[in-house]
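Take these sequences, add in the hints, and give me the full structure.
So the protein lines, in turn, are chains H and R. Residue 70 in the numbering used here sits at position 21 of the first sequence; the count goes up by one each step and never skips. Residue 173 in the numbering used here sits at position 124 of the second sequence; the count goes up by one each step and never skips.
Simulated from the structure, these hints should not be mistaken for lab results. All clues stand as given, with none of them false.
Repeated chains share a single entry, so a pair holds when one copy, or any two copies, can fit it.
Computed cross-link-like contacts, DSSO-like style, restricted to lysine-lysine with a CA-CA straight-line distance of at most 27 Å:
1. Lys317 with Lys65
2. Lys200 with Lys271
3. Lys300 with Lys254
4. Lys203 with Lys149
The structure presented is a predicted model; accordingly, all values stated were derived computationally and were not measured.
There are 2 protein chains.
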Amino acid sequence: MKVVVAEPTGLCFGVKRAIRTMEEALEEKGRVFCIGSPIHNPQEVQRLVDKGLVVVEDDDRIPPDEPVFVRAHGISPDVHQRLQDKGARIIDGTCPFVRKAQEMAGRLSREGYYLVVLGDENHPEIKGILGYVEGPYLVVSGKKDLRAIDKIDKIGIISQTTQQESTLKELVSEAVGSAREIKVSNTICRATVERQEAVRRLAYKVDGIVIIGGHNSANTGKLFRIAQESGTPALWVEQADQLDGRWLSGKGTIGIAAGASTPDWLIKQLQQAML
Amino acid sequence: MKVVVAEPTGLCFGVKRAIRTMEEALEEKGRVFCIGSPIHNPQEVQRLVDKGLVVVEDDDRIPPDEPVFVRAHGISPDVHQRLQDKGARIIDGTCPFVRKAQEMAGRLSREGYYLVVLGDENHPEIKGILGYVEGPYLVVSGKKDLRAIDKIDKIGIISQTTQQESTLKELVSEAVGSAREIKVSNTICRATVERQEAVRRLAYKVDGIVIIGGHNSANTGKLFRIAQESGTPALWVEQADQLDGRWLSGKGTIGIAAGASTPDWLIKQLQQAML
Chain H
50 MKVVVAEPTG LCFGVKRAIR TMEEALEEKG RVFCIGSPIH NPQEVQRLVD
100 KGLVVVEDDD RIPPDEPVFV RAHGISPDVH QRLQDKGARI IDGTCPFVRK
150 AQEMAGRLSR EGYYLVVLGD ENHPEIKGIL GYVEGPYLVV SGKKDLRAID
200 KIDKIGIISQ TTQQESTLKE LVSEAVGSAR EIKVSNTICR ATVERQEAVR
250 RLAYKVDGIV IIGGHNSANT GKLFRIAQES GTPALWVEQA DQLDGRWLSG
300 KGTIGIAAGA STPDWLIKQL QQAML
Chain R
50 MKVVVAEPTG LCFGVKRAIR TMEEALEEKG RVFCIGSPIH NPQEVQRLVD
100 KGLVVVEDDD RIPPDEPVFV RAHGISPDVH QRLQDKGARI IDGTCPFVRK
150 AQEMAGRLSR EGYYLVVLGD ENHPEIKGIL GYVEGPYLVV SGKKDLRAID
200 KIDKIGIISQ TTQQESTLKE LVSEAVGSAR EIKVSNTICR ATVERQEAVR
250 RLAYKVDGIV IIGGHNSANT GKLFRIAQES GTPALWVEQA DQLDGRWLSG
300 KGTIGIAAGA STPDWLIKQL QQAML
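Right under this line is the structure:
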């Protein structure tokens with residue numbers, strides 16, 4: 050069996066940077082708190098927990114004056130304020146591209162635009178971004194959700210960094226008919242687009258494609274859907290031991306692609322398991 | 050034979066206003082100059098010429114201190130300046146929607162956007178608008194023309210007031226992939242959109258559709274193409290005497306639609322001819 054790994058794939062700049070920052074903090078402080086999973090990959094989180102990471106559900110659970118890591122998805126300004134109020138030493142792992150989306154959310158709403166945010170309203174990145182909005186807004190999953198709003202004078206549009214560009218294009222096109230003026234900040238991260246394109250290219254060259262990444266990772270889920278849409282058989286695993294022998298059998302060439310939060314060591318384990 | 054007239058159709062707000070302004074000026078001054086056809090309808094222009102309108106090719110041909118009518122399509126600031134320099138008494142018939150597009154062209158380019166103008170570069174409205182641009186720009190007829198530009202930081206988009214909204218939507222969608230930020234001012238006039246939709250609706254209810262309007266009128270041409278795309282037989286005439294008896298014969302119901310520069314009296318003549 051031949052195995053081909055998508056290029057580029059796996060850890061993006063923002064997650065790499067966040068993990069490095071977190072590891073440095075753990076080495077220095079021994080114990081670091083984080084609200085929610087620092088990255089959407091259970092195996093990598095476990096590795097960091099073993100080094101002293103403490104994951105809490107809510108900022109209420111963090112004792113005063115402790116080091117607190119802000120994950121790549123960012124946090125809203127009010128959570129940031131509450132952390133400062135309790136003397137937390139904040140270590141900021143917010144991805145610079147997410148930071149940009151937060152800034153644009155604030156800027157567009159201050160400029161008087163009704164803000165339309167393409168994304169999943171339950172995703173921590175979106176919750177953080179919405180904290181920066183200073184006017185009316187709507188979170189949409191696609192162009193159909195625009196029907197919820199009447200004709201509006203000025204619509205501003207931003208996106209969760211991990212959305213598909215084709216969905217943003219459709220949304221923006223639809224908005225042209227709903228507003229006199231629209232301003233769009235394409236906050237989709239290039240790493241996301243490139244990883245999605247790599248899966249699309251690879252899927253047509255292989256007999257099956259394995260997507261590896263956390264089942265709680267939005268961007269990994271999108272890679273899986275892109276693979277499925279290609280018509281090539283697709284499998285989503287978190288780690289090598291979830292590989293299905295029956296699924297693999299009879300396939301000459303297998304492609305591997307990994308979400309932006311999947312560490313290299315998990316990809317290597319998967320490759321080893323397929324030898 | 051049954052005849053159904055599209056609703057709305059014919060003279061738009063801007064052209065009605067321009068003709069009224071022009072007629073008032075002719076009554077007051079007896080002779081008024083205009084650079085190019087004041088509206089794209091030869092029959093209506095002839096009616097105004099009979100009342101004292103003098104159409105010239107170029108502002109050079111206008112003697113000093115004469116009344117000069119600025120047509121609904123507007124003029125560029127440099128032509129305006131040259132007219133003022135020769136003491137012209139300027140009567141401004143610029144359509145308020147075209148004026149808005151001129152203002153947005155200036156504003157977007159001053160704000161640092163690379164300006165993309167959807168329209169026909171040979172149309173007087175576009176020539177006028179381009180005079181307000183203060184930075185780099187590109188006139189495009191659709192999304193394919195965007196390939197001419199490399200990845201750009203900020204793209205501003207406006208449209209000739211008589212373009213199809215579907216073309217603008219496609220263009221804007223394409224631009225999302227070409228720039229970090231895009232700002233779109235939808236300068237397509239509602240009258241244009243409504244007249245196009247009226248033709249689209251009517252075409253499916255009739256056995257043939259007659260579009261009446263100047264062969265030099267861009268918006269009439271678009272109505273004709275929309276009628277053709279519907280699959281219903283379509284005919285484009287400037288006036289009633291161009292009706293083709295063979296084309297009419299055997300058709301139970303005929304639809305009539307008129308460009309935004311076609312005066313009511315030409316539509317009435319056409320209806321009479323079909324009784």
